[in-house]
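If you want the building blocks of each chain, they are given just below.
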Amino acid sequence: MRSIRRRLVVTLLAGSALLVFAAGLSLGGLVARRLRQEFDRALLAKARALVTLTVQHRGEVEIDFADEFMPEFEAPERPEYFQLWLAGGPTLERSRSLGARDLPRSADLASAPRFRDLRLPDGRPGRLVEVAFVPQVEDDEEWPETAFDPAAPPPRLRSAVLAVARGREDLDGLIRSLYAAGAASAALLVAGLALLVHFAVRGGLAPLAAVGRQVQALDADRLDGRIAVEPPTRELLPVIEQLNALLGRLQSAFERERRFAGDVAHELRTPVAELRSLAEVGRRWPEDREAVEGFFADVAAIARQMEGIVTTLLALARCEAGLERPVPSRFALPELVEETWAPLAAEAAGKDVRLALETAPGAAVVCDREKLGLVLGNLLANAVAYSPPGSTVACTARGEDGWLEITVANPAPHLGAADLPHLFERFWRKDPARSNGQHAGLGLALARSFAALLGLDLTANLTPDQRLELRLTAKETS
Amino acid sequence: MKLLVVEDSERLRRSLGQGLRRAGFAVDLTADGEEGLAFAEVNDYDVIVLDLMLPKLDGLSVLRRLRLQGRKTHVLILSAKDQVEDRIRGLELGADDYLIKPFSFEELCARVRALVRRRYESKDPVLRIADLEIDTARHQASRGGLPLSLTPTEYSLLHLLALRRGRVLSRDQILDHLYDSAADVSSNVVEVLVYSLRKKLQPAGAPPLIVTRRGRGYLIEAP
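These protein sequence lines map, in sequence, to chains A and B.
Using our numbering, the first residue of the first sequence is number 9, and each one after it goes up by one.
Using our numbering, the first residue of the second sequence is number 63, and each one after it goes up by one.
Just chain A, same shape as in the assembly:
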């Protein structure tokens, strides 16, 4: 598995080590080159000093060299060497340190000094500079001015070649020490960097690790916690915010599902308890015919109630799963309202609840007639069920191509503003006792789901005169 920490450590460490060694090598190379240049410059300076001591006089070349001024050429240990030749000619002079031996000599002459590495006569590694030059002509006081004859040919000048060599073991040793010190410093630096990278990466990734631990501790039973890193880390902030938002949604979904499961269980427990009690009491005392017959009627009512719950839940599930599709058609809105009210009229009359219907005659809309009827039916049924006896349910329905607006309003003396957000929740009822078993609290939830499917907006409002107003609106009908 990939590891961010390992990757960071390896990359930073390898990169740092590479950079340190490259920088060390470059620096070492530069210093070594400068040291060699200085060495060559010193060697050349010594050669030029010897050149200044070389003169020619009447075609004869000689060097005015004294060992005592330059004792390095006769030192018994680690001596230096020089040799002077006439250009293309024999040796004129050589250092005492050379004895009878010769320094290497180029076959041709060059105007610029030539440097080369060589093995010195005493076996040490060395460096040699070879200079070709014309020795200066020495003034001769014994050469009278009168002797000068302009017509006479000029005197012939001789060229000479000088080679100076010295051991370079000190230079090599210095360069080796320089590289060794550089390598040791680089190794120490890399070790230090390794520690630094380790702690920096660990410290830098600590907030990430903290987030990881907190995420790991999450489970379905502990979704109320939120991810937090102290102090806040800018880079992690978007991740943490998204995670917390996701957790919030997940928690809501879990709670909704738990509540839903609990509500379904509770909703079914009571009718099942009724069924079981009726069955057991009826079976134990079957001789009480009148009671047993009453029990059968109760059983049928319970079956209808449970069927209603299951049917509504299935419709909700189908709608929310996207299995329902609107089938639009053009139809008259007033007719739909009247058709929807018809099955509720008897119940409303029983409670002395009146419908005040206000529609625009001939108003026609394009929508899924069946599903809009289902939504409207639930709104009206809710209004009838919870209206006090003797009250009026007001329904206004207007619409034409492209928009519709339906409002159902009824007195709701016991409803408060705090109840409005819960109105469309599944199984929510103002009275948690659920005494009559006729209303499971699914009607408005179903209405809102189908309204959304139809592209309609279903809202609830409590008017100042304590009437619940459910409004179904859409600018564009589906």
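Incorrect hints may have been included.
Simulated pairs of lysine-lysine, DSS-like, Cα-Cα distance not exceeding 30 Å [stated by the list, open to error]:
| no. | chain 1 | residue 1 | chain 2 | residue 2 |
| --- | --- | --- | --- | --- |
| 1 | B | 118 | A | 359 |
| 2 | B | 134 | B | 118 |
| 3 | B | 185 | B | 134 |
| 4 | A | 438 | B | 262 |
| 5 | B | 261 | B | 185 |
| 6 | B | 262 | B | 185 |
Label-pair distances were calculated between CB atoms; the ranges are [to be verified]:
| no. | chain 1 | residue 1 | chain 2 | residue 2 | range |
| --- | --- | --- | --- | --- | --- |
| 7 | B | 154 | A | 217 | 41 to 47 Å |
| 8 | A | 396 | B | 277 | 51 to 57 Å |
| 9 | B | 166 | A | 261 | 57 to 63 Å |
| 10 | B | 153 | A | 298 | 34 to 40 Å |
Simulated from the structure, these hints should not be mistaken for laboratory data.
The C-beta atom is built at its ideal place from N, Cα and C for all residues, glycine as well.
Once you've looked at the hints, dock chain B against the given chain A.
Chain B alone, transformed into the frame defined by chain A:
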């Protein structure tokens, strides 16, 4: 024995009332918490069967108020709330038992009887007084080993007198425990009932079991 059933489901309330009465209990029924509390405050019930989610006043509030008033009536909570926390809360507020819906009617009867026994500090389901035996689980009584043929109300009276042996029960106390509060009974129903029970209990020559304390009531003497 007299019970109060506070249950908002009409169908469940009806079947429970029917079954418990047939099982020999006098049963008062009510659908909401306020009325249930009012019933419990004016009647001496042996057991209250109490739903939790009730209109007007929820079951836990009813229970809390009863206990605040110092009433020791045994309360059995009958609820669809099945979570451990719900049960703990109910029991900690002073309920004596908790039964989750759906439930077995037989189990409910058994638990109610157990609470009745607990009220009268009797652990044995078989009550014995001299040669009289009352099997409270089977609702049967026998004397001298011979089974007695008693009506449910006669059995209830015998059971009540046996549970309170040695103590005089007034006519009103007997009425309270044997009949629903709404029952329309004639003024001499207790006397008629005692007379008929004595006849069935009293074989020729046997000593009388139920004693009349004139002006006070009836009792079964403690052995």
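Inset, instruction - Measure nothing beyond the straight line between the CA atoms of residue 438 of chain A and residue 262 of chain B; if it is 30 Å or shorter, mark the hint as holding. - result: violated, 56 Å
Legend entry - Proposed proximity, residue 118 of chain B with residue 134 of chain B (alpha carbon, max 30 Å): Holds. Residue 134 of chain B to residue 118 of chain B sits at ~23 Å (cutoff 30 Å).
Legend entry - Verdict for residue 166 of chain B, residue 261 of chain A (Cβ pair) under range 57 to 63 Å: The hint (57 to 63 Å, Cβ to Cβ) is violated, given that residue 166 of chain B and residue 261 of chain A are roughly 37 Å apart.
Legend entry - Restraint check for residue 262 of chain B with residue 185 of chain B, where alpha carbons must lie at most 30 Å apart: holds, 27 Å
Inset, instruction - Take a quick look at whether residue 185 of chain B and residue 134 of chain B sit within 30 Å of each other, Cα to Cα. - result: Judged against 30 Å, a Cα distance of about 18 Å means the pair holds.
Inset, instruction - Measure nothing beyond the straight line between the CA atoms of residue 261 of chain B and residue 185 of chain B; if it is 30 Å or shorter, mark the hint as holding. - result: Holds - the C-alpha atoms of residue 185 of chain B and residue 261 of chain B are around 29 Å apart, at most 30 Å.
Legend entry - 30 Å Cα cutoff - pair residue 118 of chain B, residue 359 of chain A: holds, 21 Å
Legend entry - Range agreement (Cβ of residue 298 of chain A with Cβ of residue 153 of chain B, hint 34 to 40 Å): holds, 38 Å
Legend entry - Hint check for residue 277 of chain B and residue 396 of chain A - Cβ pair distance inside 51 to 57 Å: holds, 54 Å
Inset, instruction - State, for the Cβ atoms of residue 154 of chain B and residue 217 of chain A, whether the hinted interval 41 to 47 Å holds or is violated. - result: Roughly 44 Å apart at Cβ, these two residues keep to the hinted range, so it holds.
Of the numbered hints listed earlier, those contradicted by the structure are 4, 9.
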